[in-house]
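With these hints in hand, go ahead and build the complete structure from the sequences.
Protein chains: 2
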Amino acid sequence: MTQAYTYPLLIGQLLRSALQTSAQQRITYADQIDLTYADLEKRVKRLGSVLSGLGLGKDAVVAVMDWDSNRYLECFFSVPMVGATLHTVNVRLSPEQILYTINHAEDDAILVHEDFVPVLLPLLPRITRKVHLILLTDRADAVVPTGFSGEYEALLAAADPDFAFSEFDENTRATLFYTTGTTGDPKGVCYSHRQLVLHTMGQLVALGPIPGNGGVHRNDVYMPITPLFHVHGWGFPYAATLLGLHQVYPGRYEPTRLLALIEKHGVTFSHCVPTILAMLLQAPESASVDLSRWKVIIGGAALPEGLARAAMARGIDVHAAYGMSETCPFLTLADMVASQATADTALIRTATGKPIPMVQLRIVDPEMRDVAKDGISSGEVVARAPWLTQGYLKNTSGTKDLWGGGWLHTGDVGVMTPDGTLRITDRLKDVIKSGGEWISSLALENIVSTVNGVLEVAAVGVPDPRWGERPVLVLALGAVDVKDAKAEVSAAVDAAIGGGALSKWAAPNRIYIVKALPKTSVGKIDKKLIRSMIEDGSLSE
Amino acid sequence: MTQAYTYPLLIGQLLRSALQTSAQQRITYADQIDLTYADLEKRVKRLGSVLSGLGLGKDAVVAVMDWDSNRYLECFFSVPMVGATLHTVNVRLSPEQILYTINHAEDDAILVHEDFVPVLLPLLPRITRKVHLILLTDRADAVVPTGFSGEYEALLAAADPDFAFSEFDENTRATLFYTTGTTGDPKGVCYSHRQLVLHTMGQLVALGPIPGNGGVHRNDVYMPITPLFHVHGWGFPYAATLLGLHQVYPGRYEPTRLLALIEKHGVTFSHCVPTILAMLLQAPESASVDLSRWKVIIGGAALPEGLARAAMARGIDVHAAYGMSETCPFLTLADMVASQATADTALIRTATGKPIPMVQLRIVDPEMRDVAKDGISSGEVVARAPWLTQGYLKNTSGTKDLWGGGWLHTGDVGVMTPDGTLRITDRLKDVIKSGGEWISSLALENIVSTVNGVLEVAAVGVPDPRWGERPVLVLALGAVDVKDAKAEVSAAVDAAIGGGALSKWAAPNRIYIVKALPKTSVGKIDKKLIRSMIEDGSLSE
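In order, the protein sequences belong to chains A and L. Going by my numbering, 414 is the number at position 414 of the first sequence; the sequence numbering is gapless. Going by my numbering, 301 is the number at position 301 of the second sequence; the sequence numbering is gapless.
It cannot be assumed that every hint is accurate.
As the list claims (entries may be wrong) - Computed far set for chain L versus chain A, every beta-carbon distance over 10 Å: (1) Leu35; (2) Pro118; (3) Thr450; (4) Lys504.
Claimed, not checked - Covered by chain L, according to a simulated footprint, are these stretches of chain A (three or more residues, beta-carbon under 8 Å): (5) 4-12; (6) 202-212.
It should be emphasised that the hints constitute simulated quantities derived from the structure, not laboratory data. Backbone N, C-alpha and C define an ideal beta-carbon position, used for all residues, glycine too.
Printed below as a string of structure tokens:
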């Protein structure tokens with residue numbers, strides 16, 4: 001009988017591959033645990049036995065609520081490897097939202113760190129399915145709450161160490177998590193084994209072949225500072241495992257601990273959002289830690305030039321990346337080749353970057369026609385890659401909007417230069433469409449924000465019978481004369497139009513003054529509310 | 001309608017991906033042609049029009065007989081992208097073998113360089129299918145032979161530049177070539193689009209994350225010195241394209257030209273068999289060319305330590321790799337991380353190396369049980385990877401042997417250390433199986449070859465009723481006393497056994513003396529013939 005092996009792209013293969021050459025490499029959890037990859041495999045097998053013993057296999061959904069730990073990494077492998085779906089619960093959501101995601105995901109089990117037990121316990125009566133509960137704790141004397149199946153380490157110690165994972169279709173669902181917008185319920189985003197393996201490989205094809213010390217290399221020491229529940233820690237734990245890197249999981253993010261771990265283990269590669277990097281640089285302990293071998297990928301929000309320069313002054317090799325929950329997440333990386341060869345690299349490092357290998361990006365108008373790649377013409381960024389989510393869980397209309405025309409719609413507006421460098425200029429819902437032009441609300445706000453006395457500014461589009469929309473500014477001012485300030489704002493916008501930084505359509509029709517701009521619950525300027533306030537006449541010029 | 005794009009892994013995606021960021025990068029053909037990647041895409045589209053116009057699309061087989069050229073690279077993309085199979089004809093085979101492969105592959109078209117027209121023309125009457133013929137030439141005044149569809153450049157110039165490639169199943173066959181053993185007809189080996197894309201990514205995940213200047217990085221200049229008909233130039237043209245490297249195709253391999261191209265274009269990355277590297281180092285022009293930035297991967301045969309040292313003395317960063325026609329080809333690479341960190345790196349560089357990411361290797365006994373990873377226990381090397389051929393074309397029994405037990409059988413015998421380093425010790429058909437032990441014929445020959453007066457040596461196993469097989473030596477001697485030489489050989493083997501370099505089973509039962517060892521048509525020692533000569537008593541002690 002012919003028995004050629006048709007190698008499915010399964011998450012288990014990433015671990016199996018690493019074990020062949022890196023069995024003695026280390027995985028560190030804060031100051032608690034130091035494992036080898038060989039230990040990791042044993043624990044992944046024991047966890048497989050535990051899950052299997054609870055009847056959690058194919059079609060089951062297993063949720064995790066934890067800080068970044070080796071246990072979480074074990075779940076990254078073992079849960080999908082038994083054929084179940086790993087639901088990485090966003091522990092920063094409100095209890096009601098957490099409950100919503102647990103019920104929407106149809107979780108069959110929850111592995112919960114004791115820090116989150118007080119959040120979870122009151123929700124239990126309202127969880128619609130029977131759930132198995134497993135306690136995660138760093139303490140030997142932790143009490144397992146009533147109704148729990150047990151404590152993770154005790155369960156592992158008692159489990160069969162020889163669990164044999166079977167193989168299955170690579171399109172089997174592996175992970176599930178929820179993304180929250182400003183409105184509506186959280187939306188479930190899923191990835192298959194195949195997508196995660198290809199994302200891992202694509203990420204390394206992008207980050208490996210960087211000349212010099214940039215990117216990711218086999219001598220790096222890796223520590224995530226993006227929570228593992230955020231798009232699988234941006235996929236890096238899988239990539240670090242495949243490469244056999246020393247991995248350091250920091251537990252709860254506290255600046256003092258993070259800096260101490262960087263120093264103690266010689267961490268050379270991390271990733272985080274801009275605010276975390278700023279927090280670390282501002283921490284008092286930071287000054288005495290050598291950060292000159294540290295490479296950091298920034299995502300989740302644009303990398304501000306000031307922060308990039310502050311990091312570079314500390315010797316940090318910092319670069320922006322771009323993606324979103326729906327894109328697994330990697331779509332683009334700042335040009336790490338160019339940033340090694342240029343004198344002032346801040347602008348290269350902060351750019352949205354170039355599409356990584358296997359990613360196709362287009363900038364399109366509302367009819368899905370390509371706009372010119374001239375660095376000026378803007379449109380919505382749409383994408384194709386082997387690792388984009390195929391839709392929102394149980395949300396047909398959301399999926400339809402996401403994939404209109406067969407391309408994933410990022411909801412971001414950007415421009416692209418002929419060399420493929422993308423610059424995001426706005427969110428699609430905030431861009432002002434006037435006279436056939438797309439005006440970046442961000443660009444307009446940036447210019448107005450430089451005017452003396454302007455504390456806050458929002459640029460929004462209001463309906464206009466002739467031009468579609470027209471820009472309107474809403475300002476909060478300091479102790480300045482309102483009339484003078486308005487005149488200065490108009491002059492600054494006119495100057496930007498004259499200099500070509502803004503299109504002639506960007507001159508605002510009206511300027512409203514408010515005490516403070518309305519904000520959303522997470523502190524972002526609430527443009528939706530501003531637009532409705534303008535519409536119902538509750539703002540004054 | 002929901003229209004999520006399920007991204008198939010197609011060869012066209014490699015080119016499309018590169019075009020986004022490297023449209024102005026160069027592709028050079030000897031001293032003839034300098035193209036940009038944007039030009040390459042245009043030419044690939046025009047070739048698509050030409051092929052399509054000849055009715056060559058899905059299910060067609062298009063053969064190429066060419067030196068390494070940009071035109072060959074265009075075929076690497078365009079032929080599979082129209083859905084056809086690219087048959088890369090081994091132009092070094094005998095005319096009869098070439099005819100066999102053309103008929104066995106069922107070629108529908110042959111693109112043939114004028115240098116090979118004299119080989120092909122006499123074969124045409126015996127080609128069983130109707131074939132379209134296209135002439136490849138570097139000369140503007142070349143005469144197109146009767147019966148040809150035309151000359152490549154002229155056909156491209158006249159073709160529709162806007163050919164739209166469609167998409168199809170990633171498991172569609174993309175390439176086909178033939179591998180020859182010492183006996184039997186050439187065997188057809190096929191790869192799908194999916195396999196080639198995954199091999200490309202796997203290769204870069206292996207070679208990208210090497211620290212320092214090793215491996216492959218985005219600032220490399222690439223030139224193949226393994227013919228493109230040998231396992232797709234070991235896959236590197238696809239990898240170089242995906243990374244957007246400057247690529248240099250040298251045409252026919254002539255030492256002077258190769259060295260001149262390395263110097264002119266600052267080539268930093270190549271791959272070749274050991275004999276080609278030796279030839280380049282020995283060429284008179286070599287002394288004046290700076291090779292200190294050149295990285296070379298050696299495959300196809302073991303990298304001799306002496307050659308490695310000679311290359312290192314010239315500043316060349318040389319490493320062995322291992323694979324075969326049936327494995328696309330990459331399975332292992334010498335440990336490039338270790339070779340950067342150690343003083344004397346020759347042994348690391350010449351080792352068969354460690355499995356690259358996504359490759360699973362086992363060393364097994366005849367019952368497919370794993371032997372110990374102790375660096376001593378030997379067995380057959382068997383493999384799994386996402387890019388292994390699924391079988392030989394129209395050869396069920398060969399396929400069955402290749403994939404016995406669900407693992408690809410390399411036919412090589414090796415040992416593995418706990419850190420995953422493989423060392424090939426013999427071909428399975430040459431290993432001597434005695435008393436339950438596997439004795440490496442190569443190891444035994446190496447030791448005997450050091451004895452004074454021994455010109456040639458072959459160690460072969462002969463049937464033994466008690467021990468299964470017993471080793472026998474066949475020697476060709478110089479001007480030495482036969483009896484003394486035999487005694488010295490026995491003493492050398494005994495010393496090696498005493499020192500642990502050989503097992504106690506390795507002491508030969510008999511030593512035959514011949515004038516010269518019999519060779520195969522390609523100059524290898526013909527052990528099959530030697531065994532039959534021993535069996536029929538035609539050798540004397």
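Structure-based check of each hint:
no., hint, result
1, Leu35, "holds (17 Å)"
2, Pro118, "holds (39 Å)"
3, Thr450, "holds (33 Å)"
4, Lys504, "holds (31 Å)"
5, 4-12, "holds (count 5)"
6, 202-212, "holds (count 8)"
Checked against the numbered hints above, the structure breaks none of them.
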